[in-house]
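Chemist: Listed below are the residues making up each chain.
2 protein chains.
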Amino acid sequence: MVNEGPGSGIPDIVIGRLPIYLRALNRMLQEDKEYTSSHDLGQRLGISSAQIRKDLSHFGEFGKQGTGYNVSYLYEQIRHILQVDRQWPMAVVGVGDLGRAIANYRGFVPRGFRVVSLFDADPAKVGDRIGDLTVLSFEVMTTEIKRQGVQVAMVAVPAEAAQQVADQLVEAGVRAILNYAPIMLAVPEDVHVQYIDPVIHLQRMTYYLKP
Amino acid sequence: MVNEGPGSGIPDIVIGRLPIYLRALNRMLQEDKEYTSSHDLGQRLGISSAQIRKDLSHFGEFGKQGTGYNVSYLYEQIRHILQVDRQWPMAVVGVGDLGRAIANYRGFVPRGFRVVSLFDADPAKVGDRIGDLTVLSFEVMTTEIKRQGVQVAMVAVPAEAAQQVADQLVEAGVRAILNYAPIMLAVPEDVHVQYIDPVIHLQRMTYYLKP
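Protein chains in written order, with our numbering: chain A, 3 to 213; chain B, 3 to 213.
I should point out that these hints are in silico values taken from the structure, not numbers from a laboratory. Fair warning: this is a prediction, and the values are worked out from it, not measured in the lab. Be a bit skeptical, because a hint or two may be false.
One copy or two, either will do: identical chains are not told apart, so a pair holds if it fits within one copy or between any two.
To be verified - Calculated cross-link-like contacts (lysine-lysine; reagent style DSSO-like; alpha-carbon spacing at most 27 Å):
{"id": "1", "residue 1": "K56", "residue 2": "K35"}
{"id": "2", "residue 1": "K212", "residue 2": "K148"}
{"id": "3", "residue 1": "K35", "residue 2": "K212"}
{"id": "4", "residue 1": "K127", "residue 2": "K148"}
When you get a sec, could you build the whole thing from the sequences and use the hints?
Modeler: See the structure below:
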């Protein structure tokens, strides 16, 4: 099992489903479940078993006819494919309420990420302790990110500031940005951006509600 | 322009893009931009102009050959289609760090939502003031949600508690749940669920990073 890596021609939408499979497998491990099937996994996730088999077939042969998938084996393989069988150091930019919640969140470490530095533009926040970390200023952001080899960052600054922050992060070597600011970021082609904006999800649902 | 409503046969993936168009149009309004085009909008969003025209054509004729779309008109029409030209009362369940950040977030009101009640299972948190609201216990959740006619809720409790919370919310009349707990929820068919799990987004990007 080798990581096929970028440019391997595997559609990004397939890659996008792997973390969801991984989360379900992790839950099965917690339930001491030893074997699963594409049918079983599909039922939990609301995805067809054919889709799951097709997605996994991009990466190799993981199950056996009849017995299905060994949960722990498939879990480890997907962790390896997604490169989360290690810990990625991560920076958080913006320590308002949301940035603080992110900094304190204990769900990152078991899933491949560790917050190693916090930054804020507000001099009143610089020097604050959050957990084991001290909030640093934007002035030292580039140096600090380079020093720690950070490739992953979460942006939780106001919309107006987000593009400038992203530019600085990319300049420092960040290649994956999870953006909480409600604005699209312009980044070079080799930089990946994902977005979290709760209102986008809420507005998608209100369409279906009775007024 | 009438809201086509559910069962109108418009694919959910189209509905899912409307909030993204809305956010971009709102930004254009802030920039005092009067007209836009599917090309212009597409450039900002990394979506093809053909896709945007096709998406909008489900709901009517919004632009004019040559002049394009009037930003403020299209903005209002999409607000109307998504039913966010009103304010939906919203409950937040779980007031840990994340729940507090959500409760304090000022980005909901201008986009159609107002947090009207907060709940937590922890007796030590019940009675806490967050902004203008007092944290209530799970015991009064059903009554309170019914009283306020809440149809929209955000769930920010630990994974183990999320399904039970969802069941209680649905029972009380909630029809749209934004779930921050890292677990899939089982709900009746007429209840909509959207998920936010930052790790899912992060893991999707690490696949592409150099180790």
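Chemist: If a hint holds in the structure, say so; if it doesn't, say that too.
Modeler: So, going through the hints one by one against the coordinates:
1. K56 - K35: within (23 Å within a copy, 45 Å between copies)
2. K212 - K148: Between copies only: 15 Å across chains, 51 Å inside a chain, cut-off 27 Å.
3. K35 - K212: neither (40 Å within a copy, 33 Å between copies)
4. K127 - K148: Cα proximity of K127 and K148: one copy only (22 Å, versus 41 Å across).
Of the numbered hints listed earlier, the single one contradicted by the structure is hint 3.
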